[in-house]
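> Please construct the entire structure, taking both the sequences and the accompanying hints into account.
Residue strings, one per chain:
2 protein chains.
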Amino acid sequence: MIVSVYIAVSLDGFIARKDGSVDWLEHESGAEDYGYRSFIETVDVLAMGRNTFDQVRSFDGNWPYQVPVVVVTRAMSEDDVPADLVGRVSVSARKPEALLRQLAERGAKHVYVDGGLLVQSFLHAGLVDRLILTRLPVLLGDGIPLFGPLDGDLRFEHATTKSFPSGLVQTEYRSLRHTQPAT
Amino acid sequence: MIVSVYIAVSLDGFIARKDGSVDWLEHESGAEDYGYRSFIETVDVLAMGRNTFDQVRSFDGNWPYQVPVVVVTRAMSEDDVPADLVGRVSVSARKPEALLRQLAERGAKHVYVDGGLLVQSFLHAGLVDRLILTRLPVLLGDGIPLFGPLDGDLRFEHATTKSFPSGLVQTEYRSLRHTQPAT
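Residue numbers (my numbering), protein chains in the order written: chain A, 403 to 585; chain B, 403 to 585.
If you are wondering where the hints come from, they were derived from the structure by calculation, not from laboratory data.
Incorrect hints may appear among the rest.
Copies of the same chain look alike in the list, so a pair counts if it works inside one copy or between any two.
Result set (EDC-like, lysine to aspartate or glutamate): computed pairs, CA atoms no more than 20 Å apart in a straight line [what the hints assert, rightly or not]:
no., residue 1, residue 2
1, Lys420, Asp553
2, Lys564, Glu574
3, Lys564, Asp544
4, Lys420, Glu480
What follows is the structure, encoded as structure tokens:
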């Protein structure tokens with residue numbers, strides 16, 4: 403099983419403003435999708451935190467995901483899933499390792515982890531295989547950080563970097579645990 | 403006058419560990435200099451903070467800079483400059499704008515600003531023209547951050563991105579204040 407993080411981040415490492423708003427991201431939309439569609443087509447399950455779920459729900463329009471979503475939270479149960487999302491959204495209170503085990507048992511081969519705290523908990527557990535960061539050329543000064551504390555250094559291998567006419571720079575990193583055999 | 407920042411940073415935005423150590427940078431040294439020599443040759447004055455000055459002084463070997471250095475601090479005077487550095491290192495307690503004015507009067511056309519807090523104060527004042535970031539593929543989890551609070555968003559224009567076989571990714575950004583006329 404592969405665990406990927408695919409996320410946009412400011413130059414100073416924020417994924418949203420303090421209040422969760424992503425207005426600084428939105429003006430980048432357009433014909434260019436920064437590889438998102440071809441990425442999401444390979445995903446079996448999208449695991450997101452509660453804040454990200456609430457944020458996506460607050461957007462105008464329909465639920466944007468075709469892929470099954472699991473909201474990872476202790477503050478919600480399956481009964482709290484809105485009627486229009488039953489069958490498409492499930493809820494789990496499991497920790498990263500147990501969650502991945504459960505998803506693997508259900509046949510998931512590629513899990514996409516989204517949201518600041520959930521990404522941090524997967525990184526902390528050393529469970530992120532691919533980190534695809536899309537950096538916007540803006541400093542926000544404050545906000546919700548992508549990265550958090552770790553127990554030690556976490557090294558990655560650089561896979562690819564691509565810059566876009568909009569000024570966004572996308573880099574894919576792979577966990578060294580998967581690219582180097584243990585010696 | 404052009405103000406540049408040329409700095410190495412971890413994936414999570416740190417320029418050093420909490421204790422100032424840069425051991426995670428050092429194993430990257432070798433034949434590749436990531437454009438440093440050709441950059442430093444164009445610099446007229448290197449402005450660094452007190453912590454960076456102390457850090458550089460603590461390294462084994464000789465003073466590494468040919469270029470005149472100004473240490474920007476209120477905690478040191480010209481009399482505190484070590485004897486072996488008199489004539490190569492000066493001290494200033496000025497704020498960024500006043501410092502640049504003084505350096506311009508002395509003929510400086512390209513100022514290189516180094517060190518976390520000093521870079522933050524120049525960014526906060528909107529005085530950084532070129533931001534050359536070299537990202538190492540490592541998460542440290544904690545340390546001395548490159549970026550700090552701002553009064554508002556600071557947008558840059560992407561100039562170039564280059565990735566190196568070592569996994570380092572170097573991106574040059576230019577301040578939009580210099581690339582777009584005010585309208």
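> Indicate, hint by hint, whether the structure satisfies it.
Here is how each hint holds up against the structure:
Proximity of lysine 420 to aspartate 553 under the C-alpha cut-off of 20 Å is restricted to the inter-copy arrangement: shortest distance 14 Å between copies versus 25 Å within a copy. Taking the shortest alpha-carbon separations for lysine 564 and glutamate 574, both the intra-copy value of 9 Å and the inter-copy value of 14 Å come in at or below 20 Å. Taking CA atoms no more than 20 Å apart as the test, lysine 564 paired with aspartate 544 passes in neither setting, with 26 Å inside one copy and 27 Å between copies. For the identical chains of this complex, lysine 420 and glutamate 480 are neighbours neither inside a copy (28 Å) nor across copies (43 Å), given an alpha-carbon limit of 20 Å.
This entry does not satisfy hints 3, 4, going by the numbered hints stated previously.
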